[in-house]
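Colleague: As a plain string of letters, each chain reads:
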Amino acid sequence: MNTQKSHRIAKERRRTPRTAARSIPAIETGRTRILMTLGVAVFAFAAVCIRLIDLAIFQAAEEPAIARVAYKAELSTERADIVDRNGVLLATNLATASLYAKPHEVMDAEEVAGQLTAVLPDLSAPEIVEKLRSGRRFVWIRRNLTPRQQWQVNRLGQPGLDFQHEEARVYPQASLAAHILGFADIDNNGLAGIERAFDKTLRSGRGPVRISLDMRVQHIMHDELGRAVSEFAATGAAGVVLDVRSGEVLSLVSLPDFDPNHPAEATADQRFNRATLGVYEVGSTFKIFTTAIALETGVVDFTDGYDASRPLRVSRFTIRDYHPESRWLSVPEIFMYSSNIGAAKMALDIGGEAQRAYLGHLGLLKSLSLGLLEAGVPMIPRPWRSINTMTIGFGHGIAVSALHLAAAAAATINGGLYNAPTFSVRSYGVAETSSFSRRVFSEETSLRMRKLLRLVVEKGTGRKAAAPGYLVGGKTGTAEKLVAGSYSGDALLSSFVGAFPMNKPRYIVLVLLDDPKGTAKTHGFAGGGWTAAPVVSRVIQRMAPFVGIAPIDEDAPAIRRLLAIDVAPKRPRLASY
Amino acid sequence: MKTFAFMVWFGLAGAASFALFNVTFKVENLEAELGELNRQILADQQSIHVLKAEWSYLGRPERLETLIENHLPDLKSGIASPTIRIEHLPKRDAAELYIPGQAFGPASLYAADEIQK
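Chains Z and W are the protein sequences, given in the same order.
For the first sequence, the working numbering gives the first residue as 1, with consecutive numbering after it.
For the second sequence, the working numbering gives the first residue as 1001, with consecutive numbering after it.
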């Protein structure tokens, strides 16, 4: 025990001097540690300082990249505006308030219903009561209130009634471009026309969608077409103005039309787009293509002709002329008097295969790729027999839309390029190599077609389409409508494809009247030359100043020379002469 | 010496915090102003948007035609027959209009240009 104790004391004794000896280095160690920590802290602060100086002074150039751009107020709507080529607003979204109710918060349904019908007289009280007692958590009372209505409802001070901020699609130009614009539903989904075709773009928030329409021209076409419809008691009408250089649609009217602000009130007939969706057998206007193909393929020349002295009988069909000359007719005469017999014979000489190929190039055998859902599919004969070739020669047995016809006609006069029609704005100077443009006819054929079309207006069936100074050319079309499977002599489809100025064509103006009736003024005639041609004349005279085309002297020698044509060349020796 | 250093540091810290708070408050004020301005801009854009729709509605060609018919009888038809291009206007004799020392009237501007050439 003792030894143990002494051992412990000895141990302590031994330790004491050692501890004293070691206390000096311990302080040293502590100091070193403090210095170390200090060093680290100084280093860290120095790094922060250096970085601060670096950021504040040396990286000033990069500052904008680091700084956030201040929030900028920008009005955004659920759906972008639609504007015409000149920026006229055609469709826009306006903020409105919609009234809804939370039925469980409504105290007295009948009182609320009574008050609401006093403010909004077109609502029915029993219906509101029924809605308020339905037990649902949310019921719409009325969408898209006017500011005044909203204020009045607010003033009722009824709990349980509330407003939802909404946007209403508004078409300030009302029915003027109804068929092209189409309309959107109450939840801003595009349902027809451009609204549907460009739905994604309109929703993407990338600013207004500009379309190729010119509202001034659109109004002129709408006005004149409407006048013709009432004058000739037509059941409907379609009008198209197309830029022949680019295929842009400047105007497209279909009557009867509707107000896209209230699409639900429109009948199916009003909503039907007669210019793009309706396909019709258009009649003689197709002779433009027959003649152009015949000239292009070298089947005929201006000096050639066909015997049109008697109706053409093919199996059970008889092809007659509306304006019978009953003699041999030259190619220009066939065109100018619109001889069915001549055109049928010409088509037969072209042959079904070539005819089909060329009509295909002219886009007449397929529906147009406009993006619009309202794109009519042409009705073409299957199989394509020689009788079909003949009737198609003068525009029967094939049905196309008005826009098909206008676009194909443009290709015959603009130098021979087919430009796919479009509602988008294209730049001018369309190149032959562009994606929407293809060569169908030669420049030479196109010039000859311009001469022929001018001839029709100067001396032929289309004289009423003349507009002094604008050098109008064109072709009449009068087709008997197929009523219940047979052609009826009473119901006609009268049309006129016009273009101006023929020395340097700029625009196609197409008018199509569905079942016009002759008047005393037209001596009972209802054909294209009597009903549709005057409309084209007036449209051209009214639109020309707006599109920047000045009247010229139609009798100027240079123009006379350019469009000179030998109508009745030396006739060949024929047995009948 | 120590007091002096302390004073300096205290002064610096005070100045820094004053500057910092000053900037902070200024930024806050500016941000409030920006917000207010943005609200105003939005409100203005909203009314411009509505006005544009109204402008388009009031500028319907149909309405303009009625207005022209009622108020501008001379401009009734849009037909261009009475319209000619400016280059087709007959030119006046330049010398006739040039009187030295006198101001040119608008009609003689062309003439003046020609004389100066």
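Keep in mind the hints are simulated off the structure, nothing from the lab.
Among the hints, a few may not be true.
Restricting the straight-line Cα-Cα distance to at most 30 Å, the calculated cross-link-like pairs of lysine-lysine (DSSO-like) are [as the list claims (entries may be wrong)]:
{"hint": "1", "chain 1": "Z", "residue 1": "Lys481", "chain 2": "Z", "residue 2": "Lys521"}
{"hint": "2", "chain 1": "Z", "residue 1": "Lys504", "chain 2": "W", "residue 2": "Lys1026"}
{"hint": "3", "chain 1": "Z", "residue 1": "Lys200", "chain 2": "W", "residue 2": "Lys1052"}
{"hint": "4", "chain 1": "Z", "residue 1": "Lys521", "chain 2": "Z", "residue 2": "Lys459"}
{"hint": "5", "chain 1": "Z", "residue 1": "Lys504", "chain 2": "Z", "residue 2": "Lys451"}
Colleague: For a C-alpha distance cap of 30 Å, please report whether lysine 200 of chain Z and lysine 1052 of chain W respect it.
Modeller: OK: lysine 200 of chain Z and lysine 1052 of chain W at ~24 Å, within 30 Å.
Colleague: Below or equal to 30 Å on CA atoms is what counts here, so check lysine 481 of chain Z against lysine 521 of chain Z.
Modeller: 23 Å, holds
Colleague: Is the Cα-Cα distance between lysine 521 of chain Z and lysine 459 of chain Z 30 Å or less?
Modeller: 20 Å, holds
Colleague: Within a Cα-Cα threshold of 30 Å, do lysine 504 of chain Z and lysine 451 of chain Z meet the stated pairing?
Modeller: 12 Å, holds
Colleague: Between the alpha carbons of lysine 504 of chain Z and lysine 1026 of chain W, is the straight-line distance 30 Å or under?
Modeller: Measuring from Cα to Cα gives roughly 67 Å; hence the hint is violated.
In summary, the structure is inconsistent with hint 2 from the numbered list given earlier, while agreeing with all the others.
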